[in-house]
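Undergrad: Spelled out from the first residue to the last, the chains are:
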Amino acid sequence: MIGLSSSKEFEAEDGLKFTSPDFQVGEPHYSPCLLLNEFAKQPCFLEMIKADIISTVEFNHTGELLATGDKGGRVVIFQREQESKNQVHRRGEYNVYSTFQSHEPEFDYLKSLEIEEKINKIRWLPQQNAAYFLLSTNDKTVKLWKVSERDKRPEGYNLKDEEGRLRDPATITTLRVPVLRPMDLMVEATPRRVFANAHTYHINSISVNSDYETYMSADDLRINLWNFEITNQSFNIVDIKPANMEELTEVITAAEFHPHHCNTFVYSSSKGTIRLCDMRASALCDRHTKFFEEPEDPSNRSFFSEIISSISDVKFSHSGRYIMTRDYLTVKVWDLNMENRPIETYQVHDYLRSKLCSLYENDCIFDKFECVWNGSDSVIMTGSYNNFFRMFDRNTKRDVTLEASRENSKPRAILKPRKVCVGGKRRKDEISVDSLDFSKKILHTAWHPSENIIAVAATNNLYIFQDKVN
Amino acid sequence: MEFKLEAHRIVSISLGKIYNSRGQRGGIKLHKNLLVSLVLRSARQVYLSDPCPGLYLAGSPVPPPQPGEPAAGPPAGWGEPPPPAARAAWPEPETPPERPAGPDARRAVDAEPAAPGAGDTLQGGEEPAGGAAAEEEEMETGNVANLISIFGSSFSGLLRKSPAGGREEAEAEESGPEAAEPGQICCDQPVLRDINPWSTAIVAF
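Line by line, the protein sequences give chains A and B. The first sequence begins at 1 in UniProt numbering and counts up one residue at a time. The second sequence begins at 1 in UniProt numbering and counts up one residue at a time.
Because the hints were derived from the structure by calculation, they are not lab data. Everything numeric in this text was worked out from a predicted model, so none of it was measured. We treat Cβ as the ideally placed atom computed from N, Cα and C, and that holds for glycine. Incorrect hints may appear among the rest.
Within a straight-line C-alpha distance of at most 25 angstroms, the following computed DSS-like cross-link-like pairs (lysine-lysine) qualify [what the hints assert, rightly or not]: (1) Lys-17(B) with Lys-440(A); (2) Lys-29(B) with Lys-440(A); (3) Lys-17(B) with Lys-355(A).
Below, a sample of chain A positions facing chain B; criterion: calculated Cβ distance under 7 angstroms [stated by the list, open to error]: (4) Ser-270; (5) Glu-306; (6) Glu-361.
Assemble the whole structure, with the sequences as input and the hints as a guide.
TA: Here it is, written out as structure tokens:
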């Protein structure tokens, strides 16, 4: 049995041996594992069943909050319960903190096109006061939301009564000073800025700069730099649109700012390349500072080589020394100082290589998987099909496949490693490639910034797994 | 021969995807269509480079494809097993490399200086389907009559989502917008060069 525990080295049932400072096989003991049910099961979300496919998951900088965006344009924020001595086993559960409708469907009359309300990305701002701020974006518009708590309300107005109705001034004979009285905690979300009309193509990424004053938004062909205070203009810093669209050969697929250097960012392309740009070099960063590309393996050439090399996600490590990219079959780690090939390549589900034609037919080959680093950059995680997700320990080179499913996980159960049988005899507990459910895909995952807590979105279910209590 | 069949199948699937993407909510996805067009081009190259008897090839043999360019020569008749009326063999013209993705692209370029954001109206509609465009335009020479009737019946013909006639019709409809950018085949008809089915559609809306 495997659990996210922190002490020992063990051999799991199927012989998988595992040890690492962050992720280890645990003994078959009690390990709290929190499972959040689909939104439909919580009474206040019953009406959201149809449009609650989760489209993005993101922890904030402290890990106290976890935000999810869904296909219906809603954002749900979970807050971690404070630890208490009374409830040792309920340490750090995440409960719903706030829900709001971030984006609505829109219609662009000029182009006769509907604009989907689906939230493509959420990014948190670091906390600077009592309120929380996050950016959420759909295909066209980025919004800055303020999430704040209110636990007091003013009472004793002179001109209006307790229900807010205006009082007849003639009836007022005395004056009093309104006082603040405690009330039930209310969390409210208000849109503070709306950054619209800057993208012709579909926004795929947003990234907050380490200066906390600017952020960027990237669509298929352009990247814009915004100041949080200014909504009516943005700077275009990357433009790869060819003068003649017939010559289009690649699009931007993801972009991110360096975690520490506010002048540096990277963007990935559909051709499997990554460009690192320095905004100090020029106003328009069409010329990259570094260009990361691995030469293609000619033996793997197929009709679909170009599709599977398209990068779906790019993430800087917390240290800022590495970038990780995800393409259809692999995750790669690149050293910023070496452009000609990645330093590490991990096969996520290489058994799909022979199935590319079917995956092309059913559109699965276009799925955009994300990838995440753990807090110490020692483990990377990404999703796969059949509700499987994979973790790779960079130090020990061990990897594990886990499954996010209600059938296999009870609250406080320990996750069991899964294995896909490629050919030949299928052992007990293995699943064959042909039995994989390709409609159950894990595209979005998140890792707590400092602890071993992960959030995994499986279509319309959110799973949170965490380390055992000591 | 298997490669050819496989390639043919992939081309059909790809065209279907491009066609269906037009009805998608949220507009055409540029990235996906670009990838599909790359697959289309690869499949087409394989198709044309795989010598195989029994298909409607006119006259001269198909030259080997140049790397990075769509192969010269029309895949005349590759689209269908013996189709009705449509694709008669025709002499291979010198097809220029990388035929344009069509009116979308041109309009995008034209419109952009005029109004940022107003241009590229079919966001992602600039299907850079070089391979697809070349195919469609070659089919077009055999299908001019069909196309004229499609245009004549206004955009509803192109927008029909479930073509009654099955695959051929889908491809004919698909060839409509793409083929409005005439290759050298239709250069005698300058009026076609200016027909822009996408803008026609927008106006119609």
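Undergrad: Under the criterion of a CB-CB separation shorter than 7 angstroms, is Glu-361(A) in contact with chain B as hinted?
TA: Holds. Min distance 6 angstroms.
Undergrad: Report holds or violated for the interface hint on Glu-306(A), using the least CB-CB distance to chain B and a cut-off of 7 angstroms.
TA: holds (5 angstroms)
Undergrad: At a threshold of 7 angstroms, is the proposed contact between Ser-270(A) and chain B supported by beta-carbon distances?
TA: holds (6 angstroms)
Undergrad: Checking one constraint from the list: CA of Lys-17(B) to CA of Lys-440(A), max 25 angstroms. Satisfied?
TA: holds (22 angstroms)
Undergrad: CA of Lys-17(B) to CA of Lys-355(A), is that 25 angstroms or under?
TA: Judged against 25 angstroms, a Cα distance of about 18 angstroms means the pair holds.
Undergrad: Are the Cα positions of Lys-29(B) and Lys-440(A) separated by 25 angstroms at most?
TA: holds (22 angstroms)
Violated hints: none; the structure is consistent with every hint.
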